[in-house]
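Starting from two chains that each stand alone, build the complex the way the hints lay out.
The chain contents come next:
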Amino acid sequence: MYLFSFLLLGRLTLKAIPSDTITRGGALLVLLAPLGLAALLTYKKKWKWLYKNWLTTLDPKKIGVMYIILASVMLVRAGVDALMMRLQQATSAGASNGFLSANHFQQVFSAHGTIMIFFVAMGLMFGLINLVVPLQIGSRDVAFPFLNSVSFWLYTAGLIIVNLSLVLGTFSIAGWLAYPPLSELKYSPGVGVDYWIWSLQIAGIGSLLSGINFIVTILKMRVKGMNLMKMPVFTWSVLGALSLVIFAFPILTATLLLLTLDRNLGTHFFTAGGGGNAMMYVNLIWAWGHPEVYILILPAFGVFSEVVATFSRKALFGYKTMVWAIWAIVLLSFTVWLHHFFTMGAGANVNAFFGIMTMIIAIPTGVKIFNWIFTMYKGRISFATPMLWFMGFVVLFTIGGVAGVIMAIPAADFQLHNSLFLVAHFHTMIVSGVLFGYFAGFTYWFPKIFGFKLNERLGKYAFWCWLVGFILAFVPLYILGMMGATRRLNHYPSGLGYQPLFIVAGIGAGIIALGVAFQVLQIGYSIYKRKEYKDTTGDPWNARTLEWSIPSPAPFYNFAKRMEVSTKDAFWEMKQRKSLDQGEYEDILVPKNSPIGMLIGFTSLAFGFAFVWHIWWLSGLSLIALISIVIYRLSQDNIESFISKDKLRKLDISRKAEG
Amino acid sequence: MSKVSFIQEEMAQRNEKAVIGFWIYLMTDCVLFASLFATYAVLHKNTYGGPGSKDIFNLPYVLVETLILLTSSFSAGIATYSAYLYKKAQTVIFLIITIVLGLTFLIMELSEFSHLIRIGDSFRRSGFLSSYFALVGTHGMHILFGLIALSVLVCQIMIKGLNRNVLRRINLISMFWHFLDVVWIFIFTIVYLMGVIK
Ligand code: HEM
Ligand SMILES: [Cu+2]
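These protein sequences, in sequence, are chains B and G. The numbering of the first sequence is this note's numbering, which starts it at 1 and goes up by one. The numbering of the second sequence is this note's numbering, which starts it at 1 and goes up by one.
Isolated chain G, as found in the complex (with noise of 0.2 Å):
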């Protein structure tokens, strides 16, 4: 075997290694919120005197959020097409547009806690509010670390091209992105949709 085909054989099965182990790495997240869901479904009904979910949320105020973060997921899912097809500039325009929604949803989703902090409805108002804060802010920074992940990745493709380890790279990123997608699906659908029709 030359070195070349050697070489090409062992980064076959490193990525292959990478994917499962990101996988499983996906599914201990999972479990991180499954717990957080546990918690805001034991403590949901704790309001303590403070309000309930109908009372604070803004059903198509998040409606658009979610549309825009699945929106964020599709773009990544082009941007990793595009770099399966060596098309970087592409590539990198779908990126940005990823990173520009992704943003979009968190300042949006920050502006609402700020709102709800400013009204006296804080994390320390009650049981539930800290498990809504806790559930839905750790979503929030899954989401601010991917896009730190993502704006890594654009800077990588700019300098080094679509190498090898990028492309395993933006692979495991829209992984992780559609990931969040899901979870907040979960999220919009227990804690927001369900909070407020019950």
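Pulled out of the complex, with its shape left as it was, chain B reads as follows (with noise of 0.2 Å):
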């Protein structure tokens, strides 16, 4: 019976199901909605809509929106977590224990860690990306679109996994990063570990071709005239971004194939006996990590490059020097791993060369800083919600970077290494400038995709939660820190004094919640205000970029007509020259929807959800069928359709008529 039920599903069992009331809470939201989007669907009989327009969707437009669909439900989820910490730390003094206890609280950090990076702010990057790239450098699709469609199903599977743990099992108590030799088998012997494995693999191989499709794309399907100095800074930026995803996760794809083999197959490589060296992990998972964290902040960096100029109404200030700062940060993010573990005794003069390195860095950085400031300078400024987002970006990510350059010192990170303050140092960078900076752009590019403008007043009502939430959440973390709070800490004396300024971090999480609050409001309102908000001229903004010339929403085909193109800010320049209707209509060929994709983010989601369990008939199959389900996808022919160009000129003069 046991060896029947062992082969059957592995180590799989009724225990699996959560016992204690807060996971089984946990559980039921995650079955629950799924369940209950899919009886609406079924109730409003949507299915097939869904399906054919964007479950087996090709096209980047509607393959961001999805991306930015999950991201934010994941931003809810994660900030769920989130918001139970901070809870936890505020009660949890003295004779008080909170409410979770020491094995769900790590649970909880670990999760919130390893789903912010990696579902919410990846993915609002790689929506971004989708929406905008291909437009901005005026293209009508990506290099390989179906690819793009594998990377998005590969990212879905992954996130999917990591919320499964919810529901059945448990997730790591290793942190984000799962250091060995506590992430070893021996030390973490059940399903967690695993389930943090898979997930980032998956997804992380979706980024690596997502990383690939997006290089090409940038670097070759550019309008004609469009050469690589004209290409707006947003496009910049993530060429920088993905170059890093191309040396960087490779690195994470082998690092977490080792910890695999130390966890299955007993082989040594991070081991704390037979030979193994857990230092190397930490080396190799930082030199993944550290450029992880410039991948996240650069397209970023992008928005807000375009959302300062645009609401400065002036060219960018010194685009060349923007470009340089981009390629200097994308070179040296490789050289500064080492900062993150100085402490491990490497050597005096090894920390010293990665503690200058990392002063280093900041340069590249302030260079942009000061290239908006100037931009603004004598621009007329108009302060729409995008700009609000980038003002809170400057002052925050200063804060932020100030703290990180202390850091950067080793003599003082020996005193500051894995504090609060650290916490808080890094949650300032990636709050105020990933964050922040996806907010802006979506905000920004909202129009363009959806064809409607957000309701301003209610963006700004989050926008000022998010930043006095976020002051008071973390300021009292830096302060903590030097008084020597430890991070993870689910429990501490009374009589250290942290207890109040947790209270007042806890405070901050709920106003940064009631942010997220008038976030999801001020989508629904403009959702039903969507007539009144309606952009008709395709350029709301009056913007500089080639993706504001096409009427709003973006049409499937992008562009109608052959462009060409001469100066960088080339809308804007046609604007100036009024020569705005300009190029050839011509025939196109669009690739035909395809479910494939799905197909194999599910079965790749079968197959790591097996490895987890040990259902080793499962992984086997779905590793066959993957492979199949790829060769019959080589196999197919006709994988496009042919749009002549009457059939667009036709399709275009209705479109600008509507409009």
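Warning: the hint list may mix true and false statements.
Unchecked claim - So, partial list: chain G residues that the calculated Cβ filter (under 10 Å) puts toward chain B:
#, residue
1, Thr39
2, Gly127
3, Ser130
As the list claims (entries may be wrong) - Below, a sample of chain B positions facing chain G; criterion: calculated Cβ distance under 7 Å:
#, residue
4, Lys220
5, Ile246
6, Thr267
7, His268
8, Ala272
9, Gly275
10, Gly276
11, Asn558
12, Asp587
13, Ile631
14, Tyr632
Calculated directly from the structure, the hints in this document are not laboratory data. Backbone N, C-alpha and C fix where the C-beta goes; we use that ideal spot for every residue, glycine too.
This is the structure we're talking about:
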């Protein structure tokens, strides 16, 4: 009986179903949300619509929207984790133990970190890249549309795996980077670390493929006349970030593979005994991890560059230095990873080198900040919501940056390492840099994709909540860090004086949650008012780059005519010269929808899930299925439809008549 | 522009994109192997009381493996060349030769592995052996996937003839195969040769 169940279900037994109330609540939510959605779809008879228009689409704009939807849901999911941690730490002093057990608390911070980085920040990033990059370079599509859908579905598979850990079994307790030896089989024998591994492995391969795809897109599919030095800065930033992706993500793949081998085959890469070396893991994971933070932030910098120029009615100051700064950051970001573990004992000289490199990388970042400020100087600034996000960013990012440079001094870092000071530092960078950047970008490009603007007033409320909430939530952490509070504390003695500060931080987190609520409200209300907020011009912000030259929402073929550009800020130039309607219609090929990307995603999901639970027959089967599906796709002919230029002209004219 | 010439232009562009994309992919694979090489460099002295590289490597055997792989790369080259001359039969023959040689290489590698495991020097023995098996085994996995791809390609040529898509794929797969050769040269030099000499 036991053997039978093992063969059939591996280590999956009834015990995997959560037993305590809090986890049960979470599991129920994770189950009910998709079930509720499914019921709604069935009730409204929308399944076919969903399948035809969204799930099988190869249109990067729609794929981008799907990325952003999933990433937003994950923002709420990991945000609830954050609130739980804040509540725990605010209440768990002295005799009181808070509402979370130590083990549960560890799972929560591990899940929060993992989801925020991989499924919120990365998802928002790839979402925006999908929405904007092809449009900005005047292209109809990405280089490999089908591969793009595969990337998206691999991201989705990873996302589902990480959330399944709430329903079946437990999540990793080893933090968002799963340092060994804690993440080794000996100390984490359950399924948690395996969930973590397979979620990241699958999503990571998706990111890698996306990286390749968009690099080729940017290099090969720019509109005629747009040479590299005429490219919009957002596209430049994406090119920089994705160059980091293709060099950094294979390191992650390799590292996760080695950890998998350690856990499943008894190898000794990172084990404490047997000739393993846990420090090697830390080196490898940060050789990916540090570039990763720049991967997240470079596109956000790109967003700010577009936003500042547009809302200041001026060309971006120092275009060339901007480009140089991006590439300086790209190169330097591979030379600083050791600053994450100065305390590991690499020696004074090594630490000094990495400390200095870390300070040097602040220079190109500073250059960018000054360029934005000079762009605003003497501009006619309008303080629309994207611009507010930018202003908030400048202030917070500078504070966080200074904190970073302090920690770059190895001697200081020996005090601050692993403290809440560090937690405050990286949240300042990542919330103000990455999240604010993508929020600004989302608000800015929203009309281009959906055809109507977002409500400004609610957007501003959201911004102010985020800003005030953020300061309240994280300034106390800087102070707590100085007072000696370490990170990942689920409990502390009451005599230390931490509690008041933790309570303030908790209030701050609550205000951030209010900000998120305003964002949800903003979107809902704007959809309700979409007729009123309609963008009839295609250029609601009086912007500068090519995506604004076409009607909103952007049609599936993006550009009806083959254009040619001669300057940077090409659309702005066209508007100045009043030569808007240029170019010729031409025949085009449009890729047909395909469910195979989704199929690959779900097969990978089955593979990962089976691996987590040691259901070997299923992982074997899904691997074979995966290979067969790929072969099938490669044998398909007729994967696109032809649209003649006459048809395109008709479509275009009727489209413009509507607008 | 007529529909035909339009589609031709599209296809030419598509070729170019595929080649660049594939180059970039190979670069990422390079980084993957670089990580494994780095791991090997860090761990190769951690024998944990087990055998070191001197004790287990059989250089003549590996040399034969190497020669077989190099030859398979050569035949892959000829296959590509023949494909571009639209010589279908010749292409298929040389692809099959490539597959046979690749398979031989893989079998030799696996039998080396199983020999080591049988005498108790498996990947569980020490950090050194773990890193050795991971590096060489990952290369072997690539060979395996290459073999699958080559076999699919042969079927496609038989069924569909040398159409544009097939030609593009031959080109890409032979790039892949040559790349695996280069990686193997590094493995041969760094792992086997330097391991035995030191
Ligand atoms: C928006 C409000 C957010 C709040 C209130 C918040 C709160 C927290 C808290 C309380 C912790 C645990 C600190 C500790 O170790 O004691 C934490 C850890 C972490 N957070 Fe956030 N966070 C937020 C947003 C984000 C975002 C946007 C990201 C990344 C995109 C992020 C990434 C992380 C990471 C990587 C960790 C470390 C997890 C670990 O220790 O393994 N957080 N956060
Ligand atoms: Cu870093």
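Going through the hints against the structure:
Because the closest C-beta pair between G:Thr39 and chain B is about 6 Å apart, less than 10 Å, the hint holds. Contact between G:Gly127 and chain B, as hinted, is supported at the beta carbon level, the nearest pair being about 3 Å apart and thus within 10 Å. Interface restraint check for G:Ser130: the shortest CB-CB distance to chain B comes to about 4 Å, inside 10 Å, so the restraint holds. A hinted interface residue such as B:Lys220 counts as satisfied when its beta carbon comes closer than 7 Å to some beta carbon of chain G; here the least separation is about 5 Å, so the hint holds.
Against a cut-off of 7 Å between C-beta atoms, the interface hint on B:Ile246 holds, since the closest Cβ of chain G lies about 5 Å away. A distance limit of 7 Å between C-beta atoms decides the matter here; for B:Thr267 the minimum to chain G is near 4 Å, and the interface restraint holds. Hint status for B:His268 relative to chain G: holds, with the closest Cβ pair at about 5 Å, below 7 Å. A cut of 7 Å between beta carbons decides the hint on B:Ala272: the least distance to chain G is about 11 Å, and the hint is violated.
The interface hint given for B:Gly275 is met, as the beta carbon of that residue sits about 3 Å from the closest beta carbon of chain G, less than 7 Å. Checking B:Gly276 against chain G: minimum C-beta separation of about 5 Å stays under 7 Å; hint holds. The restraint placing B:Asn558 at the interface with chain G is violated, with a minimum CB-CB distance near 16 Å, outside the 7 Å limit. At a threshold of 7 Å, the smallest CB-CB gap from B:Asp587 to chain G is about 5 Å, leaving the interface hint in force.
With a cut of 7 Å, the hint placing B:Ile631 at the interface with chain G holds, because the nearest CB-to-CB distance is about 5 Å. Hint on B:Tyr632 is violated. Least Cβ distance to chain G is approximately 10 Å, over the 7 Å limit.
Going down the numbered hints, you'll see the structure goes against 8, 11, 14, while the others check out.
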